[in-house]
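Asks: Residue numbers (the working numbering): 1 to 325.
Treat the hints as calculated values from the structure; they're not laboratory data. Quick caveat: nothing in here was measured; it's all calculated off a predicted structure. One thing to keep in mind: the hints can contain errors.
Claimed, not checked - Have a look at the derived ranges for each label pair, beta carbon to beta carbon:
hint, residue 1, residue 2, range
1, F292, I144, 49 to 55 Å
2, I144, P11, 50 to 56 Å
3, Q145, G261, 51 to 57 Å
4, S61, T229, 46 to 52 Å
5, R297, P12, 20 to 26 Å
6, F244, V49, 47 to 53 Å
7, S70, F244, 45 to 51 Å
8, T37, A68, 46 to 52 Å
9, T229, V49, 49 to 55 Å
10, Q145, L60, 49 to 55 Å
Just so you know, even glycine gets a beta-carbon here, dropped at the ideal spot from N, CA and C.
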Amino acid sequence: MGIAYAIPYIPPAPPVPPWRGFSLTWRGWDGSEWDLTRPASGLFLQPGVRGLHLPSFDRLSSSSPMVAGSRHRGTSTKDRDVFWPLYLYSDEGSAEFMERDRAFWASLDTDVEGTWTATLPDGSRRTLGLRLISADGDLTHDPIQRGWAKYAISLLADQPYWLGDTVAQSWGQGDLRNYYITPEDRTTYGYPADAIHYLSQGGALGSATFTNDGDVPAYPVWTVIGPTTAVSFGVGGNDISVPFDIPAGYAVQIDTDPVNGQVLWYGPWDANAKALISSVDRTPELDPASAFVAIPRGQDRPLTIQMTGTGTVIAEVRNKYRRAW
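With these hints in hand, go ahead and build the complete structure from the sequences.
Replies: Given below as structure tokens:
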């Protein structure tokens, strides 16, 4: 009698569900983390949330009594109102309820922002900074005795657009060298935590492009790592020129945000001062008329980058979106 051996049947893995939801979390100004879409956590949002969709707009226009209608002059985006109908509870007792309740309310502040994060099924994230405006609670019962409470919380986003994850690209000339500070360097030489550290594969200057998949133009943070004696970069003929040399081992970082923009100078380890010369403000040296150059929305927008030397140019952008997805 012969014996036949066969590999046991292994059923295929179940298909991945085509429908998946997003999750919402809150990181308070105090650094505490809260899951807002998982009821088992003891804190969750109920139906009626506002702030995930479009912000409010004001249309700017002009009109004349001699001409019918009006002429469109643009759109102004207002700050964003956010509303959280929230349920907070504890099954462990009054002491535990009060501890959770106090900790959550301590994460909200009227002057210091926390961060609301939407994590999408593909793993990407969008964030929104929020401040507390007002709140009301359900006082139809004693929440401490029963261990649950419903709250109606109003918040405000001064900057109304949801921000995507940081996207960075680099371009270089020659050997595309990059300036990188390793964790060992920080320990050995005492480099501070804010010292710049970039390491990436660069692209050629002449083929530089950038994709802005956001809903509005985005203002990048440019970093130029020396050596270079002349460098300029921009979009659509609007260029930023760095008015000083950048030796090897030095770098300049230009934040083109019209509200919080600045120019910071980074230098190497100073043996005499025993410190890294970093975060030196050189904003007044840059021509303010050319400092705010945005990358328009769209795929593979061509950039203009010109450089004398073998340094590296890096652009970092957090694209802006009108909605949370």
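Asks: Work down the list of hints and note, for each, if the structure agrees.
Replies: Taking the hints in turn, this is what the structure says about them:
no., hint, in the structure
1, F292 - I144: 49 to 55 Å, "holds (52 Å)"
2, I144 - P11: 50 to 56 Å, "holds (52 Å)"
3, Q145 - G261: 51 to 57 Å, "holds (53 Å)"
4, S61 - T229: 46 to 52 Å, "holds (48 Å)"
5, R297 - P12: 20 to 26 Å, "violated (42 Å)"
6, F244 - V49: 47 to 53 Å, "holds (49 Å)"
7, S70 - F244: 45 to 51 Å, "holds (48 Å)"
8, T37 - A68: 46 to 52 Å, "holds (50 Å)"
9, T229 - V49: 49 to 55 Å, "holds (54 Å)"
10, Q145 - L60: 49 to 55 Å, "holds (54 Å)"
In this structure, only the earlier hint numbered 5 is contradicted, and the remaining ones agree with it.
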